[in-house]
Amino acid sequence: MKPVAFKYLKPATVEEATAFLAEYGSEAKILAGGQSMMPMLSMRIARPSVLVDINEIAELTYIRAADDAVAIGSVTRQRRLGDDDLVAEQVPVLASALKCMSHPQIQNRGTVVGSICHGDPAAELPAVAIALGAELTACSQAGTRTIPVAEFYRGYYRNILEPDELVSEVNFPAMLPGCGWSVVEISRRHGDLALAGVASLVAFAGEEIDHVRIACFGLGKAAHRLVDAESLLKGQRTSSELFQEVASLVSSSVKPMDDSHASAEYRRALAAELTQRSLFEAIERAKQGAAS
Amino acid sequence: MSIPVPFKSKYVGQSVKRVEDPVLLTGRARHIDDLEFPGMLHVAFLRSPHAHAKIISFDVSAASALPGVECVLTGAELKEETRPLNTMPGIASGWSGYAMAADKVRYAGEAVAAVAATSRYIAEDAAELIQVEYEILDAVVDPEQAALPESALVYENQESNVLFERNYTYGEPDRAMKEADLVVRENYRFPRVSGNPLETVGVIARWDSVADELTCWTNTQSPGGSIRGSFVNPPGRDQITAQPHGGSFGTKMGALLKYEITAALLSRLCDGRHVKYIEDRMEHLLASSTHAWDRRYEAEFGFTSDGRCTVMKVRLLNDVGSSCENSAPSMCWKPLVMLTGPYKVQHFEYDMAAVVTNKTPEGAYRGYGVPPHTLVIERLMDKAAVALGMDAAEIRQHNFIQPDEFPYKTPTGTEYDSGDYPAVLQLALEKANYEGLKAEQQRRRDEGRLVGLSVVFGIEPGGVWAMTGPFRDWLGGMGAINPESAAISISAEGTFDVELFYALEGQGQPTFATQIIADYFGVTMESVRVSQSDARNPAPSMGPAGSRQAVVLTFALIGAADKLAARLIRVASNLLQTPADQLEIADGSVQLKGGQGPTLPLGQIAATMTFRPDLLPDEIEGNPQVTYTWRANRPVDTEGSPYLSYANACHVALVEVDRATGQTSIERYVIADDCGTRLNPAMVEGQVQGGVAQGIGATLFEEYVYDEYGQPQSVTFADYLMPSIYEVPMTEKHAFVTPSPLTALGVKGTGEGAIHVTPAAIFCAVNDALAPLGVELEHANAKPERVWQLIQQAANI
Ligand SMILES: Cc1cc2nc3c(=O)[nH]c(=O)nc-3n(C[C@H](O)[C@H](O)[C@H](O)COP(=O)(O)OP(=O)(O)OC[C@H]3O[C@@H](n4cnc5c(N)ncnc54)[C@H](O)[C@@H]3O)c2cc1C
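Listed in order, the protein sequences are those of chains A and B. Those letters in the first sequence? Residues 1 to 292, by my numbering. Those letters in the second sequence? Residues 293 to 1089, by my numbering.
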């Protein structure tokens, strides 16, 4: 359990970091909080010859208000999602996601952006980011571009970043006023990656569902939106029949995998159950929000 | 609580803080990986990716050429220099390989070559460069298939994969079964699990050819061993020393041998440089020879119509993995000492078979085979209760050995020392508000929820004093004593130094040793210091195993204290010109019995012995230090009991199973237990809580899974799920005390009791939750998907 030898670089600025990435290209890997990277290095699953440690880039540690959004720099630790006022006010769903995730020790090191970049199919933050319509800012020496998280993944643990690109920020649009939310999952133990999970956002116009976003995790090669389920709900009044219909649609449309923790069949059953639980909770919150 | 102690007890019986904790918690204990030696080399292993394969060839040229590599040793080379790993004395030889695989690999993860290099990093780089050509063989994975004649053989020199078969029959089980009014039967599986201490195993070897001496620093749990016999050209002498270790649970017994042998040989090949190997966590999960209790059971119990159990038949098939390289398969025998549990049953058949398969070898685990056996007994008691319309508590009360029947001789010849099972059960029921829980369960069941309640009972053999009775079988008919020693010295300042002869492991023996010695001599705990030797020059000791230290070390400590006290009084008698029989020790002094007259501080007596022996007659030994080795005064070669004390406990658990997901949550967990005198109640509770955690682990989370090719699926902590503080409820613990008449101070063992009973408590509760659905879980690991599948099955009935 010792990594193969690598060159260790510790840039102090984004400019320096992108210069290193330009120089070493696909030989290099970025090290953020290390909570996934260090085990991969130790198990020799990742064997980069250059490691670019971005932890000392001070300019990347922030949570700040942007236009109708909350912008989070890529060295910001996951733990901040649980204690930041701006997050609590504008994107409270992120704090709910954190409650399902790992343990304080890991959240104190792991970064928000690192979790999204790593793209574990069972991770909470990618799904929540997709439900929120979040965007990443990727930068390289050639310039910067914006990538919606929904378009970021290309299959199992793969994303569309170029080898010379670094994600500097994730931008979470503020939730609509009165929007209810929910992140639910089934994991074997507290803090484990999920066997299956569903994140949802629901806002009403009167009695009808006006805005709905559902994304799932642990139920395919990457987190993804459940657009068909959303269409069934949009414009409808809530009813348990409707939820059941949505749940069975989700259960039959997701493509989960088999592993030693759970079969695909079981995960599908969880998907149906979690869809319902998530919708109930989000609607409950939306109604409470409307009442208060 | 009154303690039957021969001294005024100020500390004994109190929950004083553990004296060893400051050192452990501030990281100052010197664990094996803390040791550094100049020029020390580090070992990495190349491990087989295949479960079963012939080794055709090795090519180590690239690995040897890597800068920093000092030696590459293949399994084939090791075989020339060593003997096969020890097998169990009572079993024919030829059921184990060498410290590394030479001609063929028998489990995925088995070491095939080792590298010694200037750093572990380089050693791992080099291990990757070793080329091994394999010819893949059919893997033997399923233990039932393994026993069939057509199965591939794990050992070609054997006729089959059946390691041993034994049948122990007591009374007339066949007749009793025929005559039974009710017969309940079921098949069970227990998951393959293991201990996972914070610290894995490690060894540093130095084979000094000039001095003709091999030294191994290890974190072994069993002190005083020798590995000379493992080598074709052995060193003149060897020393195995033990560092303090970060927990063991049995993993630091036999599993170390293969690493000691390999590291030793590498040291010899590297001109006597120190060679260190520290197992990493993946290696521990994959290949540590510590997996335990991969068991299948067929069990059948007979009852009278009024709920009395008359006969038990238990058939065990134990998958020992690829070898019996340590004596772990003897875990099949331990249930013989508590075969009928707390129940009075005269007819019993215990039929056991062990097979080898292409999986990681079995190793010792806390409880040594009793937990699955208890689970089988308790679950069948529940089944009978349901069939007879009795309550789970009632059927147990009905079958208990009664308090006036102790000492109670079980069918196997074991003698239970003492206890009051009905009272312990009653205490648990009262504290749990059992009737209230039953009402709550019914209320929620009426809402369609799956709520389970269990009341289970277990026996904990403790204080293993000898390999006798049923254990003699696997020792080839021989008995053997398991002694324990303690040394005490007193300084001129009146402070005491106590030495124990095994390494610090964490259970708390230094604390109760301090309590006992302080009370014995009437001094403060601060004036007693306990150290644990590294077993370099040991007095006889077996170390911690078999719930024994509270029992045997208490004997050893009091024996040593008596010996020292007699000597101090003898000196005092001389100095005070008073007959010895009129003197006693109290409050750190020798005084006249009854407290009148002059007193002589113990320190002053020690000072006289040390600095003014001229004042003493010649026949008084002037050494204020004694060593005492305790051994039970009992015949070894008998059918008797290998254990002195039989603690017992009742666990009551309330669980709810989520219908949609199959997940079990534990809502209440109440324990009443009787481990005799509690030397330190907080430490007893610590042992209990830890055992509960391991029991919950085995029944809800932990499981070493292999696929059909024998590929291990649980090689990281993301896959082998240890329960954490979130999954293990803080249990409610209640004490009932029946002092053992056979032990010093009336103590009974307490290290294993909770892991014995917890699996049964969880398993029975989950099954009770599923009862309204008419389905039953046979696999003792209630993994959510397994339970969910049963729920689906019920929906489709
Ligand atoms: C015990 C344990 C439990 C866990 N439980 C959970 C859980 O329940 N849910 C969950 O979601 N996660 C869980 N994790 C994973 C954890 O959240 C990781 O922290 C996260 O996946 C990665 O974030 P990081 O900052 O540590 O990134 P690193 O581990 O440093 O990097 C991860 C990957 O992302 C890349 N990367 C990181 N930052 C950037 C960047 N700015 N630009 C481009 N690429 C980048 C790296 O190159 C690497 O490939 C757990 C981890 C552990 C050890």
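Hints are not guaranteed to be accurate.
Stated by the list, open to error - Computed Cβ-Cβ distance ranges for the label pairs, DEER-style:
id, chain 1, residue 1, chain 2, residue 2, range
1, A, P104, B, R736, 49 to 55 Å
2, A, A66, B, A1063, 52 to 58 Å
3, B, G740, A, A264, 23 to 29 Å
4, B, R322, A, Y62, 51 to 57 Å
5, B, Q437, A, P39, 33 to 39 Å
6, A, L86, B, E732, 40 to 46 Å
7, B, R529, A, A5, 36 to 42 Å
Quick caveat, the hints were computed from the structure, so don't treat them as lab data. All values reported here derive from a predicted model rather than from experimental measurement. The C-beta atom is built at its ideal place from N, Cα and C for all residues, glycine as well.
Checklist entry - Cβ-Cβ distance between L86 (chain A) and E732 (chain B): within 40 to 46 Å? => result holds, 44 Å
Next on the checklist: Quick check on a hinted range of 49 to 55 Å for P104 (chain A) and R736 (chain B), using CB atoms only.
Outcome noted: violated, 33 Å
Checklist entry - Does 36 to 42 Å hold as the CB distance between R529 (chain B) and A5 (chain A), or does it fail? => result About 41 Å separates the Cβ atoms of R529 (chain B) and A5 (chain A), which means 36 to 42 Å holds.
Checklist entry - Could one say that the CB atoms of Q437 (chain B) and P39 (chain A) fall in the range 33 to 39 Å? => result holds, 35 Å
Item to check | Outcome for the supplied range 23 to 29 Å, where the beta carbon pair is G740 (chain B) and A264 (chain A) | outcome: holds, 28 Å
Checklist entry - That 51 to 57 Å hint for R322 (chain B) and Y62 (chain A) (C-beta), does it hold up? => result violated, 44 Å
Checklist entry - Is 52 to 58 Å right for how far apart the beta carbons of A66 (chain A) and A1063 (chain B) are? => result Once the Cβ atoms are compared, 57 Å apart, the range 52 to 58 Å for A1063 (chain B) and A66 (chain A) holds.
Checked against the numbered hints above, the structure breaks hints 1, 4 and satisfies the rest.
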